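A.B. asks: The residues making up each chain are set out below.
Protein chains: 2
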Amino acid sequence: MTSGSAPVPPPASGLDPEIAARLKRGADGLFPAIAQQYDTGEVLMLGWMDDEALHRTLTTGRCTYWSRSRQEYWVKGDTSGHVQHVKSVALDCDDDTVLVRVDQVGAACHTGDRTCFDAGTLPLAQ
Amino acid sequence: MTSGSAPVPPPASGLDPEIAARLKRGADGLFPAIAQQYDTGEVLMLGWMDDEALHRTLTTGRCTYWSRSRQEYWVKGDTSGHVQHVKSVALDCDDDTVLVRVDQVGAACHTGDRTCFDAGTLPLAQ
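Chains as they are written, first to last, in full-length UniProt numbering: chain A, 1 to 126; chain B, 1 to 126.
It should be emphasised that the hints constitute simulated quantities derived from the structure, not laboratory data. All values reported here derive from a predicted model rather than from experimental measurement. Treat the hints loosely; a few may be bogus.
Remember, identical chains collapse to one label, so a pair may be satisfied in a single copy or spanning two.
[What the hints assert, rightly or not] Cut-off 20 angstroms, straight-line C-alpha distance, at most; resulting in silico cross-link-like pairs (SDA-like, lysine to any residue): (1) K24 - D39; (2) K24 - S67; (3) K87 - A125; (4) K24 - G41; (5) K87 - D103; (6) K24 - T40.
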């Protein structure tokens, strides 16, 4: 009402309104979520969440993403068995990225690798 | 030429064409880059890169992002002194996210916190 550049309205979800009011989302309503193995510190993968996916992650104990390719909620491990049990969730200082510390069952990557970054090392040049 | 949904064209940059051909970018030409402390495993922050920022990160030894708020390249630490020395870079299995393992000088967060996630823990519900 007061600005020409309206923020993305938060979608209807079960998320705590105080958290929803803080969140900054991309134009598609999504924000990145980093999954990290809680004890070893391994960065397992990066997924995307909307408000409802974050709500489910905070309330069900299972890490839940929004699949951009399938356009549906994706409870990690429902198909593969490679569940992510949620240990803690933190929002970053800009309120636009989430870090989920999890206990990863088996491989986080669909290729069977432990993390999605295992096979992708890029060469450094001097 | 063969499809109705054209991919985002890679911008002109110094990035190795083989890596550029693999990269998948958002509609804004950017992709997320996770910075992790190489020895402790701490997830320090998430920034955004375009091809040129990744090229500079791979070739200068200093982690370089694209600042969405300032719309300019941002060599982490140039202003604050809180440099990120690049130890390794990996692309994920979907070719749309980068993990940069760094040696972080001082605080990664502009608030003075070691990481951008230190102050943002969200409550878990049962």
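A.B. asks: Please write out, lowest number first, the hints stated earlier that are contradicted by the structure.
C.D. replies: 1, 4, 6
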